[in-house]
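Each chain, written out:
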Amino acid sequence: MAYDARTTENDGMLLVQLQQQLGSFRLGVDFRVPLGLIVLFGFSGAGKSLTLQSVAGLLHPKHGYIAIDGQVLFDSETRVDLPPQARRVGYVPQRYALFPHLTVEQNIRFALPESPFWSRVTGKNAAHKVRVAELLTALELQDQARRYPANLSGGQQQRVALARALAAEPRLLLLDEPFNALDASVRERLRDALKSFQHRFAIPIVLVTHDHTEVQQLADTVVVMQRGRVEQIGSVQQVFFAPRTADVAQLVGQRNIFGGCVASPTSSTGDQPDAPAQALRLNWLQITNTQAQVVTPQRDKSAGCWLPLPSPALAPQTYLSGCILASEMLLHRLPGGDHPPTWTSRGATQWTVELREAHIQGAAMRLLVRPQWAGLSARSTAPECLLEVYLSIAQWREMHVAPGDLLLLEIGPRAIHLFEEPPIGGKKEG
Amino acid sequence: MRTTRSGASRSLALLGLLLLFYLVVPIGYFLFTLSWRDVPAQLSDPVAIMALITSLLSASLAIAIIALLGVPLGYVLARRNFPGRGVLTLLVYLPLVFPPVVSGILLLILYGPYGPIGAPFANAGLEIDSSFAGIVLSQIFVASPFVIIAALAAFEAVDPALEQVAATLGKGPWEIFWRVNLPVARATIIAGLLLGWLRALGEFGATVVMAYHPYTLPVYLYVQLSGTGVGAALPLALLALGVSFIGVGLALLLQFASRRRKIRQDERVIPYGL
Chain W
0 MAYDARTTEN DGMLLVQLQQ QLGSFRLGVD FRVPLGLIVL FGFSGAGKSL
50 TLQSVAGLLH PKHGYIAIDG QVLFDSETRV DLPPQARRVG YVPQRYALFP
100 HLTVEQNIRF ALPESPFWSR VTGKNAAHKV RVAELLTALE LQDQARRYPA
150 NLSGGQQQRV ALARALAAEP RLLLLDEPFN ALDASVRERL RDALKSFQHR
200 FAIPIVLVTH DHTEVQQLAD TVVVMQRGRV EQIGSVQQVF FAPRTADVAQ
250 LVGQRNIFGG CVASPTSSTG DQPDAPAQAL RLNWLQITNT QAQVVTPQRD
300 KSAGCWLPLP SPALAPQTYL SGCILASEML LHRLPGGDHP PTWTSRGATQ
350 WTVELREAHI QGAAMRLLVR PQWAGLSARS TAPECLLEVY LSIAQWREMH
400 VAPGDLLLLE IGPRAIHLFE EPPIGGKKEG
Chain A
0 MRTTRSGASR SLALLGLLLL FYLVVPIGYF LFTLSWRDVP AQLSDPVAIM
50 ALITSLLSAS LAIAIIALLG VPLGYVLARR NFPGRGVLTL LVYLPLVFPP
100 VVSGILLLIL YGPYGPIGAP FANAGLEIDS SFAGIVLSQI FVASPFVIIA
150 ALAAFEAVDP ALEQVAATLG KGPWEIFWRV NLPVARATII AGLLLGWLRA
200 LGEFGATVVM AYHPYTLPVY LYVQLSGTGV GAALPLALLA LGVSFIGVGL
250 ALLLQFASRR RKIRQDERVI PYGL
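Here the protein sequences line up with chains W and A, keeping their order. Mapping the first sequence onto numbering that gives the first Met the number 0, position 113 (from 1) lands on 112, and the numbers just tick up by one. Mapping the second sequence onto numbering that gives the first Met the number 0, position 95 (from 1) lands on 94, and the numbers just tick up by one.
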């Protein structure tokens, strides 16, 4: 661990450290993030829900430390393990777990602390009534007060679950895939609603999801989890445009993953005055949607196998992996016919590519293009080597091209993101 | 959808109908052949009335005891994981498949005047067999599986997430049991209690071995049948049939009501290795 949990200043922070073996699954979580809207992001089976349940006190890890805003809920060393009843942590599971035998009103009232016996007998606890009415109004559930959960829409069920959790006055809300049970058509609206809900009640939230849009729309801080471990912690920008590892890159949807070697392109492309002193010689490129690799010829001197380097001061022969950011590349109409790759004066490389596919995705155009490297395709065992490129709809309209056309793809240093981790064995040049 | 109404499903329906026919015809013929005019007179037989009261009282007492002990057992079998849980569940099913007479014999050798439990009582002048207590004991033995199994199924169907949420809302284990598990499982449990009550009411095999006297309705029915003949037993049979009809109807109604309230739980997620 990079820091000592017990001596760090933890006000306004959520601190979670967990070590637990569950069958063949190993949960080893460690993060410390400011309270706000924290998103645990990862594929299913990454251990996100287990982490959430541990914070709620429903699971008891072997080793660990959990603190919210400086208050310790769990510490295996000093044997602190508050029961869920004492943690004041609201938990909303995947399908909301509303009590089916209680009306909306009764579901919310359930969360209020036990009233004295006499007031329960008379059924009139004024303070409770006021509190329930407040919550019903705040979450626009007045008209549903007397209905049973089975007769509510998914969005209404979600609001009841939130109201019920709030009624217990928690210091943190845990939401496990809160939009999973909803129709896609209402998700976006309800995500906005959740954001304003959070601001309104000023309550920190930890939300678990595997959905990109949810992360992008909601997260203040993203905690990326994979196979029971935290892979990256950061803002939405950092996680989506600067993934730390190839795994995170795949999770956030960066498909153009490559491996290469730092070298000098000038000697091999002597006729190109704009070639930088140092660049990245491409060794392999992971192909969109498949795990197959295109291996570039070892001694290929053609400039097509070069990528610009974002940071110039790297030792020659350093082996690197990274991704070409799909939304940071430029496409131009091809002046004349196919021509070999070149360097521009801005330090970008230009490849001739064939447009294979184009379709709308969200508010952008997603294109699949195939680099025209003669040497490469002959040696490749993979069916196709396609790069993913995102363009704005306006840019796409201006280009007037159709699948099958040849285009010029410009990859500048800004489009290249290098991973921090050393490349995984087996993917190296063969 | 046309494809679902295939020839296959039609032949299956036909086979099912055949059995249904076999089940319904005896009841229909019985109601048809009964001489309704004599029914009131025969039912005012004081022995018959006593037998009915004995049956109702003993079955009600038996089901109350079963509810008190069987519902917790069902909960434990549904929620706790312990070694021997499978064997225990199997044991619960046994009285269901024993021939009732065997159940009676098992009880008799234990609670009879020469049995290890029955002997001290008999010496004190309190015979367990041939008494109201004997009837209740036999009924508990044969009827409890209905309740335990219903409770087990009912508690198993309660989404564990409900308990988890209740715990995070500050509720302790007892309160969660009383305010979440029990109410959510209630309808199925009550249906099980009703069926168990009916089973106790109709209990003959074990009762006749364990406690021939005082007469319960089924035992008296058998006495009438073997002593006087079918004619004398028919009005009593009508009585038994009527009670069963009402009981089963109520049980089905309850189950239907509980199903309507259920929220979809099909995509329940169970955490790793738990």
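These are computed hints drawn from the structure, not numbers from a lab. Watch out, some of these pointers could steer you wrong.
Facing chain A, a subset of chain W residues (Cβ under 7 Å, in silico) [said to hold, decoys possible]:
| # | residue |
| --- | --- |
| 1 | Ala55 |
| 2 | Gln84 |
| 3 | Ala96 |
| 4 | Ala357 |
| 5 | Pro370 |
Quick reminder that beta carbons are idealized off the backbone N, C-alpha and C, glycines included.
Hint check results:
no.	hint	in the structure
1	Ala55	5 Å, holds
2	Gln84	5 Å, holds
3	Ala96	4 Å, holds
4	Ala357	35 Å, violated
5	Pro370	42 Å, violated
Of the hints listed earlier, those the structure fails to meet are numbers 4 and 5, in rising order.
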